[in-house]
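Peer 1: Chain B: place on chain A using the hints.
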Amino acid sequence: MPEQPRPRIDITVDGAAWSVPADCTIAAAFTEHGEPAWRRTRRGARPRGLNCGIGVCFDCLVTVNGMPGIRACLADVRPGDVICTEEGSGFGEHSS
Amino acid sequence: MAIIGAGPAGLTAAVTAADAGCAVCVLDLGERPGGQFWRWGPATGDGRFHHGWPAFTALRDRFAAHVAGGRIDYRPGHAVFHVGRPRYGRMFRVHAVADDRRREHAAVEAAVVVIATGAYDRQLPVPGWTLPGVMSAGAAQALLKGSAVVAGRRVVVAGSGPFLLPVAAGLTQAGARVVAVVEAGQPLDYLRHPAGVAAAWRKLPEAGGYLARLARHRVPLLSRHAVVAAHGDGRLQSVTVAKVGPAWERVPGSDRTLEADVLAAGYGFVPQVELLAEAGAGLRAVASEGGFAAVTGPDQQTAVPGLFAAGETTGVGGADLARIEGLIAGRAAARAVASVVGRDSGGAAGSARGPVVPDRRIERQRAALRRFAAVMDRVHAVQPGWTGWPDDDTVVCRCEEVTVARLRAAIDLGADDVRSVKLLARPGMGWCQGRICGQAVAALTAAHPRDRDGAGTPGHDETGHDETGHGDTGHDDAERAVSRPLAQPVPLRVLAELGRDDEDDAVSVD
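Those protein sequence lines, which keep their order, are chains A and B.
In case it helps, the working numbering puts the first sequence at residues 1 to 96.
In case it helps, the working numbering puts the second sequence at residues 97 to 606.
No lab work stands behind these hints, which were simulated from the structure alone.
One thing to keep in mind: the hints can contain errors.
[Claimed, not checked] Partial chain A-side listing against chain B, Cβ under 8 Å, derived:
1. R6
2. R8
3. A16
4. W18
5. P21
6. R48
7. L50
8. N51
9. G53
10. I54
11. V56
12. V64
13. M67
14. I70
15. L74
[Said to hold, decoys possible] One side of the interface only, derived from the structure: several residues of chain A facing chain B at Cβ under 7 Å:
16. D10
17. D14
18. G44
19. C52
20. F91
The structure displayed is predicted, hence computed values, not measured ones.
Don't be surprised by glycine CBs; every beta carbon is placed ideally from N, CA and C.
So here's chain A without its partners, still in its complex pose (with noise of 0.2 Å):
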């Protein structure tokens, strides 16, 4: 399918300036960006990233401009952006 060039924002992943579609969802930034996991669970440290798409299973949460739990399959993505992937609970404690 013929493609025009899509519109592209700055934004910072972890440190790391990304150049992501202007138009999309954090959790497809990410996919695009060929990045599948952006968060480690709280027990295993198992990596997850999208699952349910649709805002239900929150297992595709970032922490977005210093606000944890954001829902990233949601979450339209902004210019300038600070996403940072998560650990644990996301909220900086440690649980069991």
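Peer 2: Just chain B, lined up with the frame of chain A:
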């Protein structure tokens, strides 16, 4: 009137009620109207990857006109966590967390509420299903429809139900290689229900279009097969596909491996009835194992006067049925508003007053689509044989990382029902509130052999824990499991505000 959800049902109800003169507030989790069926963004605003796009743009234009005219108050990005009617009040109160990036409390008062919260994909836990790259069929579809991003390069689409076809067709259209469409049911079974299929003959060309596209791309369609395991180191690399029997039991020796970087899986849909259950609307079990849908009358009203349900919350039937139910709910809800508000004020809703005239043509369409939905539910019903697919180390509850072995240990300790299993092993107690694993936990608990005398105490859950507060004796474990006082995660700060703002509304219903 408040409407929860801006998908096909919610949008139709909203414009219908606004046309009738109602003041409508639409609260929706999404950032744009359309719901999951018409999920879209700037990159897909031309309707590519979409079905029924002209119908949507027409609806969206009517919606936008009412928003501009002030008759519809549109609140995107609102996660509604409670719908209640404060004690002795006539008005419902709808509570939401607004804007995930800020998380502020929003509350709306309404005489009438329409709940159109849709459904989400059902997934089955198999070894490796927590690997990145394994996602619901709806997730792959949402990436494409909403963001014009393709989920992966080599995709296996698996599960059961007609939804697998548009997902696979969309992925091929976007340039992914769909390695196989793996259907656990037997689609030929549709032939055993000719009347039900004929009732929805309008859907046949749509299915034919998807099949033609898949044939052009030489995508193999396997029926009575299932993805029984996923493999990879840190991300998905391959899946195991096995033949399954009529009860979905795995056929020994039939395994084959397919390389894939994405598995898009969906075994039908689970209606999102949490708000309805908590508000006291009656639920009914749907034929496919473990699901519930709201019970409504001919006008889409639930057992709670003034509380309506439309779309997938009343039973999964697709976008066409959702629009029809939204239309009927919008008309009836407008009349209900007129009877509550108009009586006091003679307000703008007066035009909606008058005798109820059933619209026979619309009701016939609804009946036909429901007959087809019932056939679909039967042909693609999840069969109990799937409980043989996971192994001991398979994670069932993704949030709390509870494995099959830990569920079974809890059962062996005497937990004989879902509630006790949950208390001992914690499945369903994480972020998603058991939405993803609830039915799987129930099925695996039921399937685990009890080989000890006296294990568990049948019926002990009937004593003392009526957490729904309705005092219904009909609420069994699974039905109670879909009722939640807070249907979304809520910051403590918002809960504290809730206590200050509405002292009379201590999250109590009726």
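Peer 1: If a hint holds in the structure, say so; if it doesn't, say that too.
Peer 2: Structure-based check of all given hints:
1. R6: Holds, because the Cβ-Cβ distance from R6/A to chain B comes to roughly 6 Å (cut-off 8 Å).
2. R8: It is violated, given that the least Cβ distance between R8/A and chain B is near 12 Å, above 8 Å.
3. A16: Violated: closest Cβ of chain B sits about 18 Å from A16/A, beyond 8 Å.
4. W18: Status violated, d = 14 Å.
5. P21: The hint holds - P21/A has a Cβ within 8 Å of chain B, the shortest such distance being about 7 Å.
6. R48: holds (6 Å)
7. L50: holds (5 Å)
8. N51: holds (5 Å)
9. G53: holds (2 Å)
10. I54: Status holds, d = 5 Å.
11. V56: holds (5 Å)
12. V64: At 6 Å from the nearest chain B Cβ, V64/A passes the 8 Å test, so the hint holds.
13. M67: With a minimum Cβ separation of about 6 Å from chain B (threshold 8 Å), the hint on M67/A holds.
14. I70: holds (5 Å)
15. L74: Since the shortest Cβ distance to chain B is 7 Å, the answer is holds.
16. D10: Where the cut-off is 7 Å and the nearest Cβ of chain B is about 17 Å from D10/A, the hint is violated.
17. D14: Since the shortest Cβ distance to chain B is 16 Å, the answer is violated.
18. G44: holds (5 Å)
19. C52: holds (5 Å)
20. F91: violated (11 Å)
Hint compliance for this structure: hints 2, 3, 4, 16, 17 and 20 are not met, and every other hint is.
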